[in-house]
Amino acid sequence: MAAPTAPPVPTVRRSGRRDDTRLALLFILPASIGLLVFYFWPLVRGIWLSFTSWDLLSPAQFVGLDNYREMVADPVFWNAVRVTLLYVVINIGLQTVVALVIAVLMQRLSRSTLLRSLVLAPYLVSNVVAALVFLWILDYQLGIGNQLLEWVGLDRIGFFTDETWAIPTIAAVNVWRHMGYTALLIFAGLQTIPPTMYEAARVDGASELRMFFRITVPLLRPILGLVLIISVIGSFQVFDTVAVTTNGGPVDASRVLQLYIYDKAFAQFDFGYASALSVAMLLILVVVTFFQYRVTRAGQTDLN
Amino acid sequence: MTGTTTAPAEPTTTGVSAPPPAAAVRRRRRPPSVGRVLAWVVMILLLLITLFPFYWILRTALSSNGALYANSTSLLPADFSWGGFERVFGLQTTEEAIAQGGSGASIDFWLYLRNSVIVATVVTVCQVFFSAMAAYAFSRLRWRGRNVVFGVFLLSLMVPVIFTLLPNFILIRDLGLIDTLLGIMLPGLFMTPFAIFFLRQFFMNVSTEVEEAALIDGASKVRVFFALIIPMSVGPIATISILTYIGSWNDYFWPLMVSYTDESRVLTVALGNFTAQTPQTGPDWAGLMAATLVAALPMILLFLAFAKRIVNSIGFSGIK
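Chains as they are written, first to last, in our numbering: chain A, 4 to 307; chain B, 12 to 331.
The following block holds chain A by itself, in its conformation from the complex (with noise of 0.2 Å):
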């Protein structure tokens, strides 16, 4: 695109100190444009709107702080934070644990791009692919999980369409689809933990498992911290599976904070409102981001 003319004074080039302030903020136009449109302004216009009603087709009204007093009265709203961080430690608790056993697995067994590939494959899928794979496999009728769960003994389960099940659910095709990607990320903080420490500690007669929870869980931690933070702020974003899935149901099972802003907006056209829920959603995830940081001391390394 754009070809840019060179900086018309090429004697400057000559000299030790260049200066490239025009082609530079030629080169970054098209990126600043980009921050300012589509990352900055929404940020304020989104924080204005939630202290106005708007309908979309009639002028934007200032409303003060009334829509946040209704959120503070709306039984839904609290549901609906209820059942996202329901989904969150289900989703995160299982992701975490499951991705760390695949990664010490992967670096105990074998490095092989095969098995990374393999196991990442999930991750290659859009959400909806996964959400719609899984209402068959986990079908009530024909689905091949409940007829597995008939044949061990069990009984059927609902698995979309029960309140008590549907949230879990939900967060299990989700790791299923992220787990290969954690597991990587993981894996590559733990290519960064010094061989010699293993070597050191075999010397010495540790076992397997005190070597993992002495050197592995300790020195993984600032890697650890991070991948918690990427992925806890991702699940709270949670919408597309729980839209193909159940949307929203059984009654408000699985009503997720970003479902309840999407059908406040697009299907009650309350846009004030919904900038409001989703600045709650903001402010959520600051505070618990800010927490996680401060807990995990994430990028803090002991490896020194």
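Mixed in with the good hints, there may be bad ones.
Derived CB-CB ranges, DEER-like [stated by the list, open to error]:
id, chain 1, residue 1, chain 2, residue 2, range
1, B, S44, A, V100, 22 to 30 Å
2, A, L89, B, S218, 28 to 36 Å
3, B, I55, A, S210, 19 to 27 Å
4, A, V47, B, L193, 18 to 26 Å
Now the stretches of chain B that chain A is said to cover, found in silico as 3 or more residues with beta-carbon under 8 Å [said to hold, decoys possible]:
id, region
5, 88-97
6, 120-127
7, 145-154
8, 160-166
9, 242-254
10, 261-272
11, 300-311
What the hints contain is simulated information worked out from the structure, not anything from laboratory work. All C-beta atoms, glycine included, are put in the ideal place defined by N, C-alpha and C.
Could you slot chain B onto chain A? The hints should help.
Leaving out everything else, chain B in the frame of chain A:
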């Protein structure tokens, strides 16, 4: 699949002890320890969970709906049939489709496929190119305020994309781009902070000597970017392009907001709608799984071609 690719730098540990695999001394033929066997069993179990759904998509897509009810547990396709794929690509008449358990509603799969290809391709090309330009300015050009501006870009990593969707929708609406492919593409067209950081990391490592030599030969900085930096960073550029393509192809929430008719409907949104068009006889599972497979196939092929690059790109090099 028996860890013999690259000689591991670290000793492979077994339950008790393991010889450090010095180049020549490979693992001697001694019975593998219990711990190691157990570890493989767990690993294979996890792989089965990972891969089974893929097989199940294929198996269901090649079954006929009627037989799925009777043979819901058979591991092979139940009453092999191409019917699912035929419905997806509109090769069946409405009567045929309904007779085989389809909804009979016409779905223009080729159109969705075309839309997905256009969106993912344009977004990838523009986003990576513009991000590379910015990364070049932040890594190889000298200008005042470089670090401050870079810091501002860094801040944008903190803005959750999900928060920008609603205001962005309103902006796209104000621009009159609702239900257009351009409307879907526009927010992703210019950059992502991640792509800039990722590429900046690599651009910084290109040796300055080569650049100096080119500059002394009279090449402009623009030329250095196109003729030197880009060709020397083909690897990282390919990696970020593939990741961007996959991400864009799989995106659902944003296109769902913007597209309302077939004109701008991408595959993910079309698939999401598929469940809503359930015929009275129950969902057309064979057709649905065939559609799912076709939607996922381009990414699977892309992955087969570039697996090594993608797998090795996952880590923290780009962020830390």
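Could you work out which of the previously given hints the structure breaks and list their numbers from low to high? 2, 5, 6, 9
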